[in-house]
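Engineer: Make a model of the complete structure from these sequences and hints.
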Amino acid sequence: MIAILASVFDGVLVGAVYGLAAMGLTLIWGVMNVINLAHGAITVFGMFGLYFLATELGLPAYSAVPIAIVCGFVAGVALYWIAVHRIIGRPELMSLLATFAVNMMLVGIGTALWTTSPFNVPVSLPGVTWEGYTFTGTHMMAAVLAVVIAGLLYVFLHHTRVGKAVRAVADNRGAAELSGIPTAQMLALAFGLGIALAAVSGTLIATMFPFTILSGEAYQLKSFVVTVLGGLGNPAGALIGGIALGLIEGIATRFMPLSWIPIIEFGLFVLCLLAFPRGIFAPAKA
Amino acid sequence: MKSSATFFGLSGLAVAALLAGSTPTLAEDTLTIGFTASQTGKLNNDSTAQMRGFELWRDEVNAAGGIKAGGKQYKINFVSYDDESQNTRVQQLYTRIIVQDKAQFLFSPYSSGLVATAAIVSEQYGKVMLTTGGAEEKPYRLGNKYLFQVYSPADQYLKGALLALKEKNPKAKIAFVYEDDPFSKAVAQAVRAQAKQDGMALSLDESYSGSTTDFGPIINKVIADKADALLGGGHYADGATLARQLHDQNAGLKWVTLLVAPDSPNFATLGDAAVGISVPSQWEPQVNFKPDFGPTAAEFTKRFNAKYKIDPGYHAAGGYAAGMLLQHAIEQAGSVEPAKVADALNKMDLTTMFGRTKFSTNPKEHGLQIGHEMVLAQWQKKDGKLVKEVIWPKAAKTADILY
Chain A
1 MIAILASVFD GVLVGAVYGL AAMGLTLIWG VMNVINLAHG AITVFGMFGL
51 YFLATELGLP AYSAVPIAIV CGFVAGVALY WIAVHRIIGR PELMSLLATF
101 AVNMMLVGIG TALWTTSPFN VPVSLPGVTW EGYTFTGTHM MAAVLAVVIA
151 GLLYVFLHHT RVGKAVRAVA DNRGAAELSG IPTAQMLALA FGLGIALAAV
201 SGTLIATMFP FTILSGEAYQ LKSFVVTVLG GLGNPAGALI GGIALGLIEG
251 IATRFMPLSW IPIIEFGLFV LCLLAFPRGI FAPAKA
Chain B
1 MKSSATFFGL SGLAVAALLA GSTPTLAEDT LTIGFTASQT GKLNNDSTAQ
51 MRGFELWRDE VNAAGGIKAG GKQYKINFVS YDDESQNTRV QQLYTRIIVQ
101 DKAQFLFSPY SSGLVATAAI VSEQYGKVML TTGGAEEKPY RLGNKYLFQV
151 YSPADQYLKG ALLALKEKNP KAKIAFVYED DPFSKAVAQA VRAQAKQDGM
201 ALSLDESYSG STTDFGPIIN KVIADKADAL LGGGHYADGA TLARQLHDQN
251 AGLKWVTLLV APDSPNFATL GDAAVGISVP SQWEPQVNFK PDFGPTAAEF
301 TKRFNAKYKI DPGYHAAGGY AAGMLLQHAI EQAGSVEPAK VADALNKMDL
351 TTMFGRTKFS TNPKEHGLQI GHEMVLAQWQ KKDGKLVKEV IWPKAAKTAD
401 ILY
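Here the protein sequences come in this chain order: A and B. So for the first sequence, this note's numbering puts the first residue at 1; every next one is plus one. So for the second sequence, this note's numbering puts the first residue at 1; every next one is plus one.
These are calculated hints, taken from the structure and not from any lab test. Source: prediction; values computed, not measured. There's no promise every hint is true.
Stretches of chain B that chain A covers, calculated by requiring three or more beta carbons in the stretch to come under 8 Å of a beta carbon on chain A [as the list claims (entries may be wrong)]:
{"hint": "1", "region": "41 to 53"}
{"hint": "2", "region": "201 to 211"}
{"hint": "3", "region": "219 to 233"}
{"hint": "4", "region": "243 to 251"}
{"hint": "5", "region": "264 to 271"}
So the derived list for chain B, only partly shown, Cβ under 10 Å to chain A, looks like this [as the list claims (entries may be wrong)]:
{"hint": "6", "residue": "F78"}
{"hint": "7", "residue": "S85"}
{"hint": "8", "residue": "P182"}
{"hint": "9", "residue": "D214"}
{"hint": "10", "residue": "A240"}
{"hint": "11", "residue": "A396"}
{"hint": "12", "residue": "D400"}
Quick reminder that beta carbons are idealized off the backbone N, C-alpha and C, glycines included.
Structural biologist: Below, the structure is given as C-alpha cells:
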C-alpha cells in the first residue's frame, strides 16, 4: 500500500512536468491549428540551456527558468515569422511538414554541436524520505514550478486583454480581425508562448534527468498523449492530462512490466481519439 | 567547327578512358574496407568511439606503409556512411558499400541489432565482416561463414558481476531490470540461467522500453522488494538516467551493475551518482595482456588519447582490435582473397592488447568469439576524482570491490 502511495505521489510530480511540456503543444494547436512537430526539439534546447547556464556559466540552476521562458518566447516569435506565418490557414499537412523540417534542422544542429552523448546537470535539493521511499527535491520543485507557470498562463489567457484577444483569435479569427484585433501579432504571440512553455519544460526536466539531443522525441510523444487526454487546444486540461499520464505510469508499473507502459499510453491515446476526437477536456469550438 | 568539337569530345573521352584504365594499378595497392557508423541517432555515442578505433588503426597502418601481403603493400581506404542508428539504413548502405563502392572487407556497425542486419547483407555477398560492437550470439548460429565476432558474446556480460556479487553476498536479492532490445535480452537469458545455477534469487526480472524517460516507478518497485543488488540497463541514455535516479532516490542498493553506459568516460559527469556503479567491460586501459601482435593497451591508450584527447573505452578498443585482427589475418593469408582471409581468421588464436581472440569453427556457431574474456570495472572515488577500476576477475583487479 505504501509502495502504491509512493508511486501515486511520484506520478503526480512527474505528471505535472509532462503537463507543462504538453501545454505549449496544445496552446499552438488551439490557437492556430498547427501541430508543432518541432516541439520536442525545442524542449531539448531548453535542457541544453540549463546545461550551459548552470554548468558552463556557473549560474544557479533555477535561474535558467525565467531565461528559458524569455529566450523561448523570442525564438518562438522569430520562428513563427520565418516558418509558420505563411502556412496559417493552409492545409494541415503544410504545417506538419514545415515544423517537421524545423525539427530536423534543430536536431541536426544539436547533433553537430553536442553529438548524441548524454549530458547531466547535477542539481541537488533536499528531498523527503518516507518509509524508505525518497521524493527528490528536484521533482517537487519542478512540479511546483510547472503548476505556477500553468497558473500564470491561465491568468494571462483569461484575465488580461491580450490573453482574451489570443482566445478570440483561437475561437474565430475572422471575427477577431473584424473587431480590430491584430490577429497575425496574436498568432505570433501565441506561438512564442507555446515555444517558451516547451523550452521551460525542458529546463525543468533537465534538473531531474540526464538528456541527449534526441530526448525530445519521447517527450513529444508523451505530449501528444497528454494533449489528447487533456483536450486539444486546452492548456489547463494539459496539466490534468499530464498528471493523469504520470499517474498511469506510476501506478500501472506496480502491476506490470515497465515495457508495457508505451503500449498502455498509446492504447489510451487511440481510445481517446475514437471516443473523444478532440480530447476529453476539449474547449467548445465556434 | 563541328569537327573540332567532335575532336575535343573524342580526345576528352580518350583521356578519361586512359585515366579510368590507370585506376586498377592504384586499386591493387589499396584495400577498401566498408562500414557504417551511427553519426546521428541514439547509438552515436558508442558508435563514434568504435569508429575512432577503426580510424586510428587505419592511420597507423597507412603511416607504416600499409598491410603487407603477397609481396604487395596495401594502403587502407575506408568507405563509410552514417546509418542514423537505423536498421533500414544499414541494410541499404551495406548493399551500396559492397555493390557500388566495391569494398573488399567489412567492419560491422555498432550494436547487436544493427550487426544482425548488416550480417544478412555481408553473407549474401560472401564478404568477410569483422563484427565489433555486437555481442548477441544469434547471427553466429545461422550458418554464416564469413562473420567473425571480436567481442565476447552476450552470455558472458554479467557472468563476472554475478560471481563477484556471490562472493560478497551469496544470499543477495537481485533486481534485474534491462532494456527490451536484442542485446539486453540475450544478456538476460544468460543471467537467468547462471543465477539459477549459482543458487541466487532474482527478486525482480523486468524489461523496460528504450524510450523510458523516468525510472522512478521501477525504482519504487526495487525499494519495495528490498533488493540488495540491481543488475541490468541497456545502452547509454537509459543507463545514465537509471544510475542518476537510483542515486537521487536513495534506493538502498549495495551493488549496481549496468550494461554499456558506465563504460563511457562521459559517465563520470554523473558525479556521485556514478560511484559504486560497475560495468562489464570487453576491455579497460589498465589490462595487461602481452600482445603477440600490435601495441600494448598502454601504448594504444596513449596514442588514442593523443589523437582524440579522451581515454578510450572498450568500444574504441574493439574498433581498433577489429582492424588489427583483419590485418593479421591478411598478412597470415598472404592474400586479400576473402576465402583465404576467412581461412586465416578460422585458424586464428591470437593475443592483442584487446585480449585473446579465437573464433569458433563449429558449424553451429561459426565465428562466435570463444577466446576473449571480459572484466568487471567499477567507478570509484580516488583522491576526490572519479576513476574506473577493474574489480573482477581477481587476477586482473586493480582495486578492491566497493560493496
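Engineer: Out of the numbered hints, which ones does the structure contradict?
Structural biologist: 6, 8, 11, 12
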